[in-house]
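Enquirer: Okay, here's what each chain looks like letter by letter:
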Amino acid sequence: GAGVSQSPRYKVAKRGQDVALRCDPISGHVSLFWYQQALGQGPEFLTYFQNEAQLDKSGLPSDRFFAERPEGSVSTLKIQRTQKEDSAVYLCASSALAGANVLTFGAGSRLTVL
Amino acid sequence: GENVEQHPSTLSVQEGDSAVIKCTYSDSASNYFPWYKQELGKGPQLIIDIRSNVGEKKDQRIAVTLNKTAKHFSLHITETQPEDSAVYFCAAKGDTGRRALTFGSGTRLQVQP
Chain W
59 GAGVSQSPRY KVAKRGQDVA LRCDPISGHV SLFWYQQALG QGPEFLTYFQ
109 NEAQLDKSGL PSDRFFAERP EGSVSTLKIQ RTQKEDSAVY LCASSALAGA
159 NVLTFGAGSR LTVL
Chain E
34 GENVEQHPST LSVQEGDSAV IKCTYSDSAS NYFPWYKQEL GKGPQLIIDI
84 RSNVGEKKDQ RIAVTLNKTA KHFSLHITET QPEDSAVYFC AAKGDTGRRA
134 LTFGSGTRLQ VQP
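Taken in sequence, the protein lines are chains W and E.
Start counting the first sequence at 59; every next residue gets the next number (our numbering).
Start counting the second sequence at 34; every next residue gets the next number (our numbering).
FYI, nobody ran anything at the bench for these hints, they're computed from the structure.
A quick note: this is a predicted structure, and the numbers were derived from the prediction, not measured.
Even for Gly, the Cβ is constructed at its ideal location relative to N, Cα and C.
Misleading hints may appear alongside valid ones.
Partial list, derived from the structure: chain E residues whose beta carbon lies under 10 Å from chain W [stated by the list, open to error]:
no., residue
1, Y65
2, K91
3, R94
4, K101
5, H105
6, A124
7, A133
8, G137
Over 12 Å on every C-beta distance to chain W, these chain E residues come out as not near it, computed from the model [what the hints assert, rightly or not]:
no., residue
9, V46
10, K90
11, P115
12, V144
In silico BS3-like cross-links for lysine-lysine, where the CA-CA straight-line distance does not exceed 27 Å [as the list claims (entries may be wrong)]:
no., chain 1, residue 1, chain 2, residue 2
13, W, K136, W, K69
14, E, K55, E, K101
15, W, K69, E, K101
16, E, K75, W, K69
17, E, K75, W, K72
18, W, K136, E, K55
19, W, K142, E, K101
20, E, K70, W, K115
21, E, K75, W, K115
Please take these sequences and the hints and turn them into a complete structure.
Expert: Here you go:
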């Protein structure tokens, strides 16, 4: 596609619910990153995929967070048993080559946990 | 790991004036320093980047300078326009260790017409 597409753009969840956020990167891009952006803050790294391999998940805040990219294209970030502190914008970015050089970001998915 | 500090957090300038945003980083192995612009409701967009083998890079009204010895880099915007109003983020990355960008906390730039 022309850009990185994320869905849903907005998600409201009750505390304890599971959510799934989808990222459709630019076609053919090797690298895919997930970032979490709290209100008024810079993006914080969550996890990195090179094709289908999850090479770095050191930024995932707890074992409630899980990400996958099974066919090396679309990726899903899943948050189980959501907590209020999970409320943030979740950004997905892709890059044509391995590693984070020229990143193209999606518009993000804004998660609000009540 | 890498730590990136950015200041000021907010900056207000008159249209036509220059704006300067500064960042410092902690990891001397970092060698790639991009700047992103984020408008309300959108994802960050790359506006300029610099690698450690150069000290300055310019693209029309924007320029970035890098001082590797002091571990700081700056974004300069000249002849500011109202459409430059946005949040700007600096970031840093090295080739070893974490492969992801580490971002600063952002600068909200307001250009007054």
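Enquirer: Now tell me, hint by hint, if it's right for this structure.
Expert: Quick rundown of the hints versus the structure:
no., hint, in the structure
1, Y65, "7 Å, holds"
2, K91, "18 Å, violated"
3, R94, "20 Å, violated"
4, K101, "19 Å, violated"
5, H105, "17 Å, violated"
6, A124, "8 Å, holds"
7, A133, "4 Å, holds"
8, G137, "5 Å, holds"
9, V46, "20 Å, holds"
10, K90, "14 Å, holds"
11, P115, "22 Å, holds"
12, V144, "20 Å, holds"
13, W/K136 with W/K69, "13 Å, holds"
14, E/K55 with E/K101, "14 Å, holds"
15, W/K69 with E/K101, "42 Å, violated"
16, E/K75 with W/K69, "16 Å, holds"
17, E/K75 with W/K72, "25 Å, holds"
18, W/K136 with E/K55, "35 Å, violated"
19, W/K142 with E/K101, "40 Å, violated"
20, E/K70 with W/K115, "26 Å, holds"
21, E/K75 with W/K115, "25 Å, holds"
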